[in-house]
Amino acid sequence: MTSLSEIQFHLVDDNDIDIAVNTKLLQLAQISPSIFSYSSAGSFLEKIAENTDAFLTSTNVVLLDIMMPNINGFECLERLSQLPEDLQSHILVFMLSSSIDRNDIRRAESFPMVQKVLEKPLDIYSLKKSLEGILEE
Amino acid sequence: MNEKIGILYLDDEEQNLLSFQALFRRDFQVFTTTSAQEAITILNNNPIRIIFSDQKMPEVSGVEFFETILHDFPSAVRILITGYADMEAVIDAINKGQVYRYVTKPWEPNDLKICVENALEKFRKDEEIITKNKELEIANSELEKFVYSASHDLRAPLVSIKGIINVARMEQLDPKATQYLDMIERSTNKLNDFVSNIINYYQNNQSDELQEEINFTTLAEEIFSRYEHYEGAERIAFRKDITQTSPFKSDEHRIRMVLNNLISNAIKFSDLKKSQCLIDLQIIQNKEKALIKVADNGVGISPDVLPGIFEMFHSGANKNIGSGIGLYIARQAVRKLNGNISASSEQGKGTRFTFEIPNKA
Chain A
1 MTSLSEIQFH LVDDNDIDIA VNTKLLQLAQ ISPSIFSYSS AGSFLEKIAE NTDAFLTSTN
61 VVLLDIMMPN INGFECLERL SQLPEDLQSH ILVFMLSSSI DRNDIRRAES FPMVQKVLEK
121 PLDIYSLKKS LEGILEE
Chain B
1 MNEKIGILYL DDEEQNLLSF QALFRRDFQV FTTTSAQEAI TILNNNPIRI IFSDQKMPEV
61 SGVEFFETIL HDFPSAVRIL ITGYADMEAV IDAINKGQVY RYVTKPWEPN DLKICVENAL
121 EKFRKDEEII TKNKELEIAN SELEKFVYSA SHDLRAPLVS IKGIINVARM EQLDPKATQY
181 LDMIERSTNK LNDFVSNIIN YYQNNQSDEL QEEINFTTLA EEIFSRYEHY EGAERIAFRK
241 DITQTSPFKS DEHRIRMVLN NLISNAIKFS DLKKSQCLID LQIIQNKEKA LIKVADNGVG
301 ISPDVLPGIF EMFHSGANKN IGSGIGLYIA RQAVRKLNGN ISASSEQGKG TRFTFEIPNK
361 A
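Heads up: the sequence lines are chains A and B, in that order. The working numbering applies: residue 1 is where the first sequence begins, and numbers increase by one. The working numbering applies: residue 1 is where the second sequence begins, and numbers increase by one.
Treat each hint with caution, since some may be false.
Unchecked claim - Derived, one-sided and incomplete: chain A residues facing chain B with beta-carbon distance under 7 Å: (1) Asp18; (2) Lys24; (3) Leu25; (4) Leu28; (5) Gln30; (6) Ser98; (7) Pro112.
FYI, nobody ran anything at the bench for these hints, they're computed from the structure. For every residue, glycine included, the Cβ atom is placed at its ideal position computed from N, Cα and C.
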């Protein structure tokens, strides 16, 4: 069983303030020291391609913004679900959105790797709770 | 208008067709035929606005002919030409909306001309209504799109500010800074509530009603947990009493919208003078319906304001707190679920909202 402190966090958001805030929240909540951030879905996907082994040997939690230019959150999900299955099983996605549309929730939940759709601003305690629940299983 | 308007005349007597041609040829593009089959071919190939038909014909009657073309050419104005003997058929056809006018036989050229003028007038008015309706639909959908994207664009920077406030609170701050932060948060929440309400309003108007299975216990827990960190929530006791005896189906999103509205209101209008602030959520559900009550022991609503609280931009509430649209949206949402909502209140004692929604299971 993985413990929370072993999680690798990946924050994917084009809004630098939200990245800064969420990084700080994760640090202050002392969940895990490994936090990586990406200003676009493209750079995150590149990172996976380049460091497949690192992803395969850890539990990766992705906080993925829905509204982004070029590759948006959903397009990013489509590409993630084309990855090999054993790699996918190491990736847990939480979708983030500033306003939750029910069509978005439905669409997001159709992807098995999506754990939850969270409304911004990030509620770090409820994220922590969800993660504890998932890791216990 | 350069192009002549098309008129069709169906009659089994050739002589009538000739006189008709002579009468209208100058001002209209006139089509005449003795066969109903050919009449349909003409309709298919030409933009015909007015159709005359004789009632008594060997193969089909005029009323029967109009019945067959009603579906494919609904906008053409239909006029029946008939002798007095067929009055019953005519009355029936007019009442069924298949015929606009009838002209008695043998027809007078003048009568026919007046009839054509009237028919054209009707055709133009119908067209105008259709065009105006289309324009309205376009304008409406553009407005909704604008409201939707504008409120989403307003929302994004707002939630960033809320996020920064959350982080700042977790740092060690001096009391003054905390005080300012509180003020920023209050203003931000106010704006955020307003923008959320606009989005809710849009969503309520937009989407069709969904029917999904609802577990009221989970729903209540989720909603309460949302308000645990809410400003002012720490001095409030949230209590719930839920009786769910059978499966319940309705639109969860809309029920959530209403409950969020009522509970955030109850928090906003809680009475600081009381030693214990209470918010009670009671849900009683059976096969037919769910009865949901949200009661508080807050400041209450004065009797002169109470009757208007569900109106849009109702100004009775404290302007510092509410936007005046939340309860309006709550009522709209309840109505979409075929339910009803009411409020009772006593100043200084508290307020109780009750709404009832049918079970679609």
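Practice task
Classify the hint on Ser98(A) as holds or violated, based on whether any CB of chain B lies nearer than 7 Å to its CB.
Solution key: holds (4 Å)
Handout entry: Agreement of hint Gln30(A) with chain B interface, Cβ distance less than 7 Å
Key = Constraint on Gln30(A) not satisfied, violated at 11 Å.
Problem - Interface hint compliance - Leu25(A) to chain B, C-beta minimum distance less than 7 Å - result: Nearest chain B Cβ about 6 Å off; hint holds.
Exercise for the section: May I ask you to test the interface hint for Asp18(A) with respect to chain B, counting a Cβ-Cβ separation under 7 Å as satisfied? Expected result: holds (6 Å)
Exercise for the section: Double-check Leu28(A) for me: the hint is only fine if its C-beta lies closer than 7 Å to a C-beta in chain B. Expected result: Where the cut-off is 7 Å and the nearest Cβ of chain B is about 4 Å from Leu28(A), the hint holds.
Exercise for the section: Identify whether the interface hint at Pro112(A) stands, where standing means a beta carbon of chain B within less than 7 Å of its own. Expected result: violated (20 Å)
Handout entry: Interface hint compliance - Lys24(A) to chain B, C-beta minimum distance less than 7 Å
Key = Holds, about 5 Å.
In summary, the structure is inconsistent with hints 5, 7 from the numbered list given earlier, while agreeing with the others.
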